[in-house]
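Chain order of the listed sequences is A and R.
Heads up, the first sequence is in our numbering, so the first residue is 1 and it goes up one at a time.
Heads up, the second sequence is in our numbering, so the first residue is 459 and it goes up one at a time.
Please keep in mind that the hints were generated in silico from the structure rather than gathered at the bench.
Be aware that one or more of the hints could be misleading.
Quick list of in silico lysine to aspartate or glutamate cross-link-like pairs, EDC-like style, CA-CA up to 16 Å [unchecked claim]:
#1 Lys332(A) to Asp461(R)
#2 Lys594(R) to Glu396(A)
#3 Lys588(R) to Asp386(A)
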Amino acid sequence: MSYDLIVIGGGPAGYVAAIRAAQLGKKVVCVEKERAGGTCLNWGCIPTKSLLRNAELYQIMTKQAEEFGMKFDNLTYDWEKIVKRSRVVSDKNAAGIEFLFKKNKVDYVLGEASVPKAGVVEVNGKDGKKQTIEGKNILISTGCLSRPMPNLPFNGTTVISSKEAMVIPKQPKSLVVIGAGAIGVEFAYFFNAFGTKVTVVEMLPNILPVEDTEVSQTLEKSFAKQGITVLTNTKVTSAEATDKGVKITVEGAKNETIEAEVCLVAIGVQAVLPPGLKLDLDRGYIKTNDRYETSIKGIYAAGDIIGPPWLAHVASYEAIQAVEGMFTPGAKPKKVTTFPGCTYCHPQVASVGLTERAAKEKGIKYKIGKFPFMASGKARAIGDIDGFVKLIMGEEHGEIIGAHIIGPEATEMIAEMGLAITLEATHEDIAATIHAHPTLTEAIHEAAEQAYGKAIHI
Amino acid sequence: MPDITMPKLSDTMTEGTVVKWHKKTGDKVSAGEVIADVETDKATMEMEAFDDGVLEQIYLQEGQKVNVGGRLAYVRGEGETGPAPEEKKAPAKADATSPKAEATTPVKAGAPAPAPVINNGRVKASPLAKKIAAKKGIDLSRITGTGPGGRIVQADLLNAPTGGGAAAPAAISIPVPTGNGTRIPLSGMRRIIADRLYASKTQIPHFYLTIEIDAEPLMRLRKDINAVQEENGAPKVTVNDFVVMAAAHAAKAHPKVNAAFAGDSVFEYSDINVSVAIAVEEGLVTPVIRNADKLSLRDLSSAIKDFATRARAKKLKPEEYQGGTLTISNLGAYGVDNFSAIINPPQALILAVGAIVKKPVVNAQDKIVVGHTMAITLSADHRVVDGAIGAEYFKTLRSLLENPATMLF
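Put together the whole structure using the sequences plus the hints.
As structure tokens, then:
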């Protein structure tokens, strides 16, 4: 029997591709070596959000109880249960994917896949059985794994990646985080919230270096207030794992040696290439054309495996584009241009479109609209007033080209701005849309108006 | 197998109408087989299938039009399985507008010029696209959207023709006809005539020169030639055949008129290709006589006759319209004495030829006698051709037409 599509990897690219192809009436099989859901559901987005919810609640109870008029004695937490809850959340979600496969009649094979040639996938089954699957099209969505530091290999206990960090059996007393991207920053916030002494080391001038500089700087100040040591413009010159933990020597504003129980290396990811055919690569990731096809006809790739940004929602988008390109007559797949990015520390950070820095580099004439949550009634009511909404608009027409939010529920609010960019909305469209009161989204409305001197509350 | 989409059959084609389907859904089609007649802005052409298969679905009914690239039908390849493409309201189809729908589109007084290709009266465009279009005077109804659901987005406007910058609202100020009457939707051809001649007359600085030539020698020679032709049962040569020949020969002597304005330069053509205006039912077409300066009168004459026949039958091929370097429009057969024409861009020269008329002329002996004259008016693009160059060209043209035998060897 021959499939219309063989998907290798069951993460946010793979499972979405398999289901969409099935919806298009195609015969599909998904080969997954571990568990459906990929990094996102099992070892990324979902379990970490579960952990971060704990951090948020604990922070409110320890830092804001008095403000809210609450009192309790002996507030404690059970680390093991915190971790366990995150695993339960993961399990339920992953089981949900397997259910969706059944519902959509997607065949699901557990095992490790290799691609000896176009149209053929060999699977070393988890159950020990070997099988050969044939199909007209193959989609590779095998994703990425954490990239190790040169000279400081992962050892699973004191030098760890995010995967070990989220199931660490005992809370470390001290933690050094190398790399201040979304992953590094979220774990720094998480461990610090529970009292671990956290130091963040970032080579670039700011933490969350892809975000708008103003946002990064605001987060740095907030982190400092929360007690996290942030070392930016700082390079790791040597690192060693010791009996008691790690010793990291850095070179920055000052040269020092940091000792910690655990070191979380969050400097990026590397592609997990399936064995078999040699596909053309671009900087270590599978190279694809406009239709997500690799250098070999009939073999496609989508998701983290084709390079940055390594985001679940981008992977799913790519997967759908690739599949519709394969099976829908006349479809012209689109590549990702605008996508939201979210970091779930506190205050939350979310953005879509261009940063002010990028607008400047591109020579775009722009206008800025800004509104602080300090002036938002809702933010004050919920006791969360740090941060702001910053909109970047084209100078001539006022179209939204970038939106940056740092503050409460930033990650939920960014969707409106993503839609605005997709629809090519202008500041007038934002202004003409009534935003419910009292909500945090009023800050977006006010930011759009502020650019033209029309904000009411500031 | 992909959809069958509206092919771009000529340089200027932006949309096409399916005139007739030769196949119905479920019919087998094979590569090269004619499946439909498609009307472009210039002609009706036969459209062939590219692959073998079964015509599974027709998206565009007879009489409906769609932008170039829009879906016409779906042919399932042999051996292909799976369901028919389920997307019933694909973007391209949304562009399709039946002539009937157009005719009933209400036009508000004072609204922008009526837009022929609209989706149920609504143009799908992003707020930014609308703003840019308003500022630049771009008619959004003529743009094909590439955004989600066929929406017009900023990127679609990058190369859009503008109505002349910020002054575009001029188009808005043209009053819309009201009162009793019939609204006749523009055919592809009428749309092209409207667009190109409007652009020509408003953007090209025209100037005009008129001469009246002594047509007696031409009439005599034509009579002699046609006498022989008649004897041989061959078709007669027309006055216009001589004019086309003379215009081409004169252009060879004055290459500066056989040119076009190209923004930062003037482009002089190496070949002399004469576009000949031919009236057809819906408007006019201008097929091109290539290397007209190198053709014999016989070849020239039969080429023009062939064009005229095929133009009226809408059987001209797109490439036969392309590459003209100057144009001749002759209304002599309709009894028009004299007129001036609008330049056919990007060319720089058009000749408007009137009828040969009997009138009193002053002859070489300064006597007033009954003579035969023919008026020719030249319209030229002043950015390319100056008055004196036009006059030089006319001098040669006059000499050739008044001594027509010199052209024949």
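Hint check results:
1. Simply put, Lys332(A) and Asp461(R) have alpha-carbon atoms about 12 Å apart, close enough for the 16 Å limit, and the pair holds.
2. With a CA separation close to 12 Å, the supplied pair Lys594(R) and Glu396(A) stays within the 16 Å bound.
3. Simply put, Lys588(R) and Asp386(A) have alpha-carbon atoms about 37 Å apart, too far for the 16 Å limit, and the pair is violated.
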